Amino acid sequence: EAEVAQSPRYKITEKSQAVAFWCDPISGHATLYWYRQILGQGPELLVQFQDESVVDDSQLPKDRFSAERLKGVDSTLKIQPAELGDSAMYLCASSRDRGKMSPLHFGNGTRLTVT
Amino acid sequence: AQKVTQAQTEISVVEKEDVTLDCVYETRDTTYYLFWYKQPPSGELVFLIRRNSFDEQNEISGRYSWNFQKSTSSFNFTITASQVVDSAVYFCALSGDTNAGKSTFGDGTTLTVKP
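Chains as they are written, first to last, in our numbering: chain A, 1 to 115; chain B, 116 to 230.
Derived from the structure by calculation, the hints contain no laboratory data. Since the structure is predicted, the reported quantities are computational estimates derived from the model, not experimental observations. Please note that a few of the clues may not be correct.
[Stated by the list, open to error] Chain A is faced by these chain B residues, among others (derived, beta-carbon under 8 Å):
| no. | residue |
| --- | --- |
| 1 | L160 |
| 2 | R165 |
| 3 | N167 |
| 4 | F169 |
| 5 | S218 |
| 6 | D222 |
[Unchecked claim] Examples of chain B residues toward chain A, derived with CB under 7 Å:
| no. | residue |
| --- | --- |
| 7 | Y140 |
| 8 | R143 |
| 9 | Y148 |
| 10 | P156 |
| 11 | G158 |
| 12 | E159 |
| 13 | Y179 |
| 14 | F183 |
| 15 | A203 |
Even for Gly, the Cβ is constructed at its ideal location relative to N, Cα and C.
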């Protein structure tokens, strides 16, 4: 099966700088998710898209984080300005449809280090 | 609120030993789904299995087996005759109507299989 593509694989940035992550879900998957995974913890949902619309961004720190999926395909997650506490793995996932029964298909993630 | 608890932070076994990973969940939903994911050192979470709350039939797939017990709110995962390639972090996740289908993850169990 096709994979979820993410880039970059690793990113080191200084605090107060801007950083962006890109995700291309599996073709045909309408639902796209951005998760943040802190070392030693499970993934936590930041934002969920259904096609180009945000359906849940309740856990997204909107003062510094933004996400878009303009054409309902690939997506970008941005942080500006980055803070030390943002160091984590950022995972993108997609699913065939929205709903509790659909398993998530994850990309390799972007490891962000803020110095 | 939904909650997933994986009490075992780390487990270390010697190759060919059997190992069981525990998962206990909390939910008020009548209908929900439980998942297991594997995260190898490469970072990509891989979907392993899904069970719905109405299907308590246990499942065996090769060396993997799952024991779902609604009475104890547990969904345990057993690897028989473990192999070095099984070394990874394993996550249990729950998805139900309360969170509009969002998956809630446990903090994972790190399994190390030594040769």
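Hint check:
1. L160: OK, holds: L160(B) within 8 Å of chain A, min 4 Å.
2. R165: 6 Å, holds
3. N167: 7 Å, holds
4. F169: 12 Å, violated
5. S218: For S218(B), the interface hint holds, since the closest Cβ of chain A sits about 6 Å away, which is under 8 Å.
6. D222: 5 Å, holds
7. Y140: This interface hint is violated because 13 Å lies over the 7 Å limit.
8. R143: The hint is violated - R143(B) has no Cβ within 7 Å of chain A, the shortest such distance being about 14 Å.
9. Y148: Cβ of Y148(B) sits 5 Å from chain A, so the hint holds.
10. P156: At about 11 Å, which exceeds the 7 Å cut-off, the nearest Cβ of chain A leaves the hint on P156(B) violated.
11. G158: 5 Å, holds
12. E159: Check passed: Cβ of E159(B) comes within 5 Å of chain A, closer than 7 Å.
13. Y179: Interface hint status for Y179(B): violated (15 Å vs cutoff 7 Å).
14. F183: 15 Å, violated
15. A203: 13 Å, violated
Going through the hint list in order, the structure does not satisfy hints 4, 7, 8, 10, 13, 14, 15.
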